[in-house]
Amino acid sequence: MTMAASACQGLLLGALAAAVLSTASATLQYDFYSSSCPQAEEAVRNATMKIVSDNPTMGAAFVRLFFHDCFVKGCDASILLDQSNSNPQPEKLAIPLRGYDAVNTIKAAVEAVCPGVVSCADILAYAARDSAMISGGFTFAMPGGRRDGIGSDLNDIPASIPSPSMQVQDLISSFGAKGLSASDLVALSGAHSFGQTHCSFVTPRLYPSLDKTMDKAFGEALQKECPRRGPGGTVLNNNVVTDPNALSNQYYKNVIARQVMFTSDQTLTTSSNATARMVQDNADDPVGWMARFAGAMVKMGGIEVLTGTQGEIRKVCGATNSGS
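Reading the sequence shown from the start, the letters are residues -26 to -1, 1 to 298 in mature numbering (1 follows the signal peptide of the UniProt record, and there is no 0).
Be aware that a few hints might be false.
[Stated by the list, open to error] The list that follows gives simulated cross-link-like pairs (lysine to aspartate or glutamate, DMTMM-like), each with its CA atoms no further than 25 Å apart:
id : residue 1 : residue 2
1  : 24        : 217
2  : 227       : 278
3  : 289       : 75
4  : 289       : 127
5  : 24        : 75
6  : 227       : 217
7  : 152       : 127
Hints were generated in silico from the structure; no laboratory data involved.
Based on the provided sequences and hints, a complete structural model is requested.
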């Protein structure tokens, strides 16, 4: 852990406690498995650390999976379900996300110590939290108690997931529909400091002419990576300025320099004075951004959760217990 992260740990925990109490996820609890599976969070952390150590790009993949899961049907692990008779068109068919096998690996590690106790939804939340520790050098508490859903439908995605082409007011509305604020939007956008994307998501800003809100030299370099009629599946690092696998406030410096991939990134400074100030604050204050990011992650983790006797605790993350 960095010195800055160590110094702000108390601040992070305080921000998180306030965030959880102010959301509809009050039924979630810190140390939820302290009695039923005391080793749960340690098992998730150890497995996640091994996965990210072997492949540093996986930290961002876990955070992105968590985001997509929570925004579509709430944080119920619906994003993890494979195709089946009861789920003929699951969410995972719509968007080429990475990390499904890795989540299964973590689930297997948890099942080895506490079979049938820990939900896939909580495992994904903990893995996303631990990815911040591994890739960003700061940690925070994540409440548990989510249960797994039994349905997944790719048709739920278009109306739920914010698009990379969205302008700021549409982004604020999209996040607001999930109970998240403009500050949460800007804080969570910091996840674009690491991870990968494809040329197909970037070329709308490159052709037929370079987006005027993009730094010219940065855009011309991207045009070389993503030629007009080139393969849209070419992989790019979200952050080409510093370590592409480090979660940090570098993202906000990139936004200010107009060196970011998506319209949804650049619009934070070009279309709203309020979000532009937030971007500047996060660029200037890495410790403050850590606290805001952590609080927003916890808040997002409470979206439309299943608790109590709702849903189920899946035996494997890719299928419901009925197997249908």
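Status of the hints after comparison with the structure:
1. Using a Cα cut-off of 25 Å, the hinted pair residue 24 and residue 217 holds, with the two alpha carbons roughly 19 Å apart.
2. Straight-line distance between C-alpha atoms of residue 227 and residue 278 comes to about 33 Å, which puts the hinted pair past the 25 Å bound.
3. With a CA separation close to 15 Å, the supplied pair residue 289 and residue 75 stays within the 25 Å bound.
4. For a cut-off of 25 Å, the pair hint linking residue 289 to residue 127 stands: about 20 Å separates their Cα positions.
5. For the suggested pair residue 24 and residue 75, the alpha carbons sit about 14 Å apart, so the restraint of at most 25 Å is met.
6. For the proposed pair residue 227 and residue 217, the alpha carbon gap of about 14 Å is at most 25 Å, so the pair holds.
7. In summary, the hint linking residue 152 to residue 127 is supported, as the alpha carbons are separated by about 18 Å, within the 25 Å threshold.
Of the numbered hints stated above, the single one contradicted by the structure is hint 2.
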